[in-house]
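Engineer: Chain A is already provided as a structure; the job is to place chain B on it using the hints.
Protein chains: 2
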Amino acid sequence: MTQTKLDPLEFRRALGAYTTGVTIVTACGSDGALAGVTANSFSSVSLDPPLVLWSLAKSAYSLPIFESTDYFAIHILAAGQVELSNRFASKGEDKFGGVAYESGIGGAPLLPGAATRFQCKVKHRYDGGDHIIYVGEVLDLVSRDEMPLAYHGGKYALPARKNLRKLVEGSTSKEFSDDHLGYLLWRAWFHFSAALQANTVVAEFTDHEFMVLMTLFYGGARSAEALAFKSLPHGPEQRASLTSLENLVSKGLACAKADEQGRERYALTDVGRAKALSAGVAAMSVEADFLERVGPREGLVLKDLLKHLILETGGGFPFPLHPGESET
Amino acid sequence: MTQTKLDPLEFRRALGAYTTGVTIVTACGSDGALAGVTANSFSSVSLDPPLVLWSLAKSAYSLPIFESTDYFAIHILAAGQVELSNRFASKGEDKFGGVAYESGIGGAPLLPGAATRFQCKVKHRYDGGDHIIYVGEVLDLVSRDEMPLAYHGGKYALPARKNLRKLVEGSTSKEFSDDHLGYLLWRAWFHFSAALQANTVVAEFTDHEFMVLMTLFYGGARSAEALAFKSLPHGPEQRASLTSLENLVSKGLACAKADEQGRERYALTDVGRAKALSAGVAAMSVEADFLERVGPREGLVLKDLLKHLILETGGGFPFPLHPGESET
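For the record, the sequence lines run as chains A and B. Counting from 0, one number per residue, gives the positions in the first sequence under numbering that gives the first Met the number 0. Counting from 0, one number per residue, gives the positions in the second sequence under numbering that gives the first Met the number 0.
Chain A on its own, in the form it takes in the complex (with noise of 0.2 angstroms):
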């Protein structure tokens, strides 16, 4: 068996093939100075005693202050600490200014926000090649129920729990309707628009009307033209939402008015905002009924997801429900 030598950045990629979440790690030196470093090298080790590793660059600025102490804290980093985690990735030297720390055993820095945190008294120090690894006895734990930040092929993730039935028992996963996005987008919606028809004042319209209905409710009053789905040139979709607003107006939810500039603006009449608040209410609870039954976290995924669809797809559409958006 020939060995010759790992491309070293060959050897890096192939690392960040596993996922791993984040962390930041934080000591007290001797002399009071403080540290802190993003490390995604964390590991659980021992149940009993309850011992966890993790490993730092010989060559890290902060290593004299975590080899000056024998105590270090743990913060597994929440979804949404995607900055701090930034901040002590870098190499600055004030990476606590304006961080409201605590200061915990041995005076390492206690950061707010974590899912989960461990205060660890150091057992062993290892060598590990360029790196030293230590493994820490976890003297107090701090747990949080909260949607951990993930880290896989040098970007930042979320964990999705992974589905692991198939819609349709038995069929393989190259079947149209187990596997078309398109098909599943649809038929996501559809369940969602569904579930809102169940409502009595939403299953007065269709799902154009009640997309013109809250767009003119959330982001006030605007013109035709603005309320126009611009979906394509030729857009059918564009005269599926000004049918919409006609029928809108014709039920008397809905009137033209002019804005101080005498332009014609589109705006709820006082039946039509009771309308769309009841089917605004509607709508939040289905929403909190598909979460529950999806899961909070696979529901902040999937809406984390869709957004990003949303966005690499959305070439010049309107964001019709946004106030920012009543065109001037």
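Any given hint could be a false lead.
The list cannot tell twin chains apart, which means a pair is met if one copy fits it or any two copies do.
Once the Cα atoms are required to be at most 27 angstroms apart in a straight line, the calculated DSS-like pairs of lysine-lysine come out as [stated by the list, open to error]:
id	residue 1	residue 2
1	57	250
2	161	4
3	57	4
4	4	120
5	161	306
6	57	122
7	154	306
8	306	122
Read the hints as simulated data drawn from the structure, not as lab findings. Note that this is a predicted model, so its numbers are computed, not measured.
Structural biologist: Below, chain B without anything else, positioned relative to chain A:
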């Protein structure tokens, strides 16, 4: 600072907050016996020399094998290897039965299909409480561009790249348009549908007509009853799909025929099949474009989560595109 003994269950739960990949570590003992264990205690240690580590319980059945050799292989599992992970996480003695492994350095069994595989020589064995920490020098690596399996909170997961942008810059996440699941689902489907409508064949159809066309194309002949999208008892969707069927018939794309039992079944005509084929190709093309934009791995996670949502909120909706569902 008082210190109370940690509750082992609480400690274990807290460790679950840290997302990990899933590995299977294998070795061949000095007597030729094979060992393989599922482990998520993997961690990268050093770049130069290239070192990685993992931990094995001192009580592990396979400990004597790992102690009798200086070589092991670490497989970072791919998303599709849940079954293999479960098999090597169990206590069974014949874990390798039926697995097409090869023999690697030091005889360590190399399993097929992993996202990344490291072959290692033990550099250090360190004490880690109730575990032994194996630090291995990486002698050989094979890496494939494959979605890896992750693990979080005691469940299998997929790492979804975190979207760091907002739909509308400057909006707060509390706003309806940036955070409402229903809006995001509608919007995502709207983008897909609009892109699809750019195809002149697809543009001849409404969303519902398109779904009925595709159902007959992929799912085969069926009754009008089986084509109704039964969303609700008072179902507007049901009416929509029946109207859509009538439209397809009047355009000469579908027609009713009696099956062997004399029951009325709707099927596509030759012209209808040609249109469906063309529309199906367009749908595949939009899918490919969307998946490229969102990223193939993110697309995989998104589809996985949509399936999960669909399954959790289905409540008796039919799956019209699946062949097995053409009713009897």
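Engineer: Indicate, hint by hint, whether the structure satisfies it.
Structural biologist: Verification of the supplied hints:
In this assembly of identical chains, the alpha carbons of residue 57 and residue 250 never lie at most 27 angstroms apart, being 73 angstroms within a copy and 75 angstroms across copies at closest. With identical chains, the CA atoms of residue 161 and residue 4 are never at most 27 angstroms apart, being 37 angstroms at best within one copy and 34 angstroms at best between copies. For the identical chains of this complex, residue 57 and residue 4 are intra-copy neighbours only, at 22 angstroms inside a copy versus 32 angstroms across copies, given an alpha-carbon limit of 27 angstroms. Taking identical chains as interchangeable, the C-alpha atoms of residue 4 and residue 120 lie at most 27 angstroms apart only when they sit on different chains, with a minimum of 14 angstroms there against 37 angstroms within one chain.
Taking the shortest Cα distances, residue 161 and residue 306 sit within 27 angstroms of each other both inside one copy (20 angstroms) and across copies (10 angstroms). With identical chains, the CA atoms of residue 57 and residue 122 are at most 27 angstroms apart both within one copy (18 angstroms) and between copies (18 angstroms). When the C-alpha separation of residue 154 and residue 306 is checked against a cutoff of 27 angstroms, the pair qualifies both within a copy, at 17 angstroms, and between copies, at 25 angstroms. For the identical chains of this complex, residue 306 and residue 122 are neighbours neither inside a copy (45 angstroms) nor across copies (46 angstroms), given an alpha-carbon limit of 27 angstroms.
Consistency with the previously given hints fails for numbers 1, 2 and 8, ordered from lowest to highest.
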